[in-house]
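Order-wise, the sequence lines are chains P and Z. Heads up, the first sequence is in numbering that gives the first Met the number 0, so the first residue is 0 and it goes up one at a time. Heads up, the second sequence is in numbering that gives the first Met the number 0, so the first residue is 0 and it goes up one at a time.
Keep in mind the hints are simulated off the structure, nothing from the lab. Don't take every hint at face value.
No copy labels: a pair is met if it fits in one copy or bridges any two.
[Stated by the list, open to error] Below 25 angstroms or equal to it, Euclidean Cα-Cα: the simulated DMTMM-like pairs (lysine to aspartate or glutamate) are: (1) Lys50 with Asp120; (2) Lys91 with Glu41; (3) Lys91 with Asp217; (4) Lys91 with Glu187.
Single-letter residue listing:
Number of protein chains: 2
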Amino acid sequence: MAPQQPRSGERASRPGIEVINRAVDLLAAFTQGPGSVLTLAELARRTGLPKPTLHRLLAALEVQGLVDRTASGYQLGIRLFELGEHVPRKHKLREAALPFMQDLFEASHDTVHLAVLDGTDVVYLERIHGHRALNVASRVGGRLPAHCTGVGKALLAYNPEAALRVMAMPLPPRTAYTITSHQVLAEELQRIRQTGISYDREENSLGITCVAAPIVVDGHAVGAVSVTSAPGSDVERYASAVRTAALGIRRSLGRTPILHPTPPRARASKKEPT
Amino acid sequence: MAPQQPRSGERASRPGIEVINRAVDLLAAFTQGPGSVLTLAELARRTGLPKPTLHRLLAALEVQGLVDRTASGYQLGIRLFELGEHVPRKHKLREAALPFMQDLFEASHDTVHLAVLDGTDVVYLERIHGHRALNVASRVGGRLPAHCTGVGKALLAYNPEAALRVMAMPLPPRTAYTITSHQVLAEELQRIRQTGISYDREENSLGITCVAAPIVVDGHAVGAVSVTSAPGSDVERYASAVRTAALGIRRSLGRTPILHPTPPRARASKKEPT
């Protein structure tokens, strides 16, 4: 889907709207690459914006607490975290899921994930782990392609529209075990619908296996929960516990509706600030 | 401290900067009051902005994924959560603290908190709980006045500048047990510095007690961790576990510097969009 075009009546307001695009691109620049404290020069390199423009944007974002100035540069500010925690798709599902995730952690002492679908990616809402944390590619707020993760395949199995979008795209391999054939992936999604369980067998990271289950409300997966296991460990032994947790979360969600965005979101390109 | 005044050279860019202020006020409006899905009329009421302006701002924020349109109104979008998770003061401390928080949870099965100071408030970075969650006023990303919480007093005891700012303000009571005398609070902070332990004895919520310890780096508390207990339970029994956890988190932070904003942040008024 093409990015949303400005309607003719909005032409007069384009400069204002461009400021929003630039400000969000600037915030996103902090997440694109190493380091969390960035100099003006590095931000100019990442955003392609001239330094005087950046300076004005940073001053406005700093007043709002979305950016902090430190002795060695700029960083994202705590107020941005506060706003992000009010996102209802995150907050409601995480609150319902956490006690069941704690149960899974106490049983396994392995890393426990909660994720939702966004387009054809999964976004990790929560990641619980102890001292024995695996070197897993995920992070809270991070995203991965859905087709190569346990939670992602569990979500696709119960989101046919998203699954069809994945079927229309190439399936880039992340390891030698990633499913790259559309037919194999379709068969896998059918199997997940039959069993209610999804496995990731080193499909995203070598040495990392995982067992996941979808949280299904009215036939539609609103999230998925998983246990990730150490290399060589038998992840299948957690299958029924993960499935039970997903059913418990679904019950706990109860009457709290989780509303999904109506149209597939048209998003401004991250590469090219407009 | 007065809100930052635009420098004379910035006058030409004021319209652009105002768009950022309005956009952030609009995002904040979703967090001010009940409900997470808001109509245009409700947003107009909360922000005081005219509907055509709101419409343009919402369209721009929707393209960026910071706002979603649903069947019954607008809600904050998952991309805002993703950006917020990259805030380094949150991400680094939470990653270091989580395994120790899981230890405290397994020992107590009570609610475990991690918080930082922002001005004279505490902001909760993490809140771990099981099925037996107390009706605690905190939420992840929520804020409370520092003087009436266990984590807040632990943080103030090792942040003399913030403590002095609190001493210059009235101390509004939240329960009959809130410390409202500056002298009593100062004595309490001294006691916390002597013992390394801070208690909240129903000072924020009736029936809720808590034991907290500061995470001290170079004499300065970068965060605090706590266990909150059920009414009537003996919270003192977790004092040494909480203190040990705080020392473990401090060790685990190791060489990861947590940079603090240089000036006390001047923030645009939340009441009055400028």
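Against the structure, the hints:
1. Lys50 with Asp120: neither (33 angstroms within a copy, 33 angstroms between copies)
2. Lys91 with Glu41: between (37 angstroms within a copy, 21 angstroms between copies)
3. Lys91 with Asp217: within (17 angstroms within a copy, 38 angstroms between copies)
4. Lys91 with Glu187: neither (29 angstroms within a copy, 37 angstroms between copies)
Hints 1 and 4, counting from the list given before, are not met by this structure.
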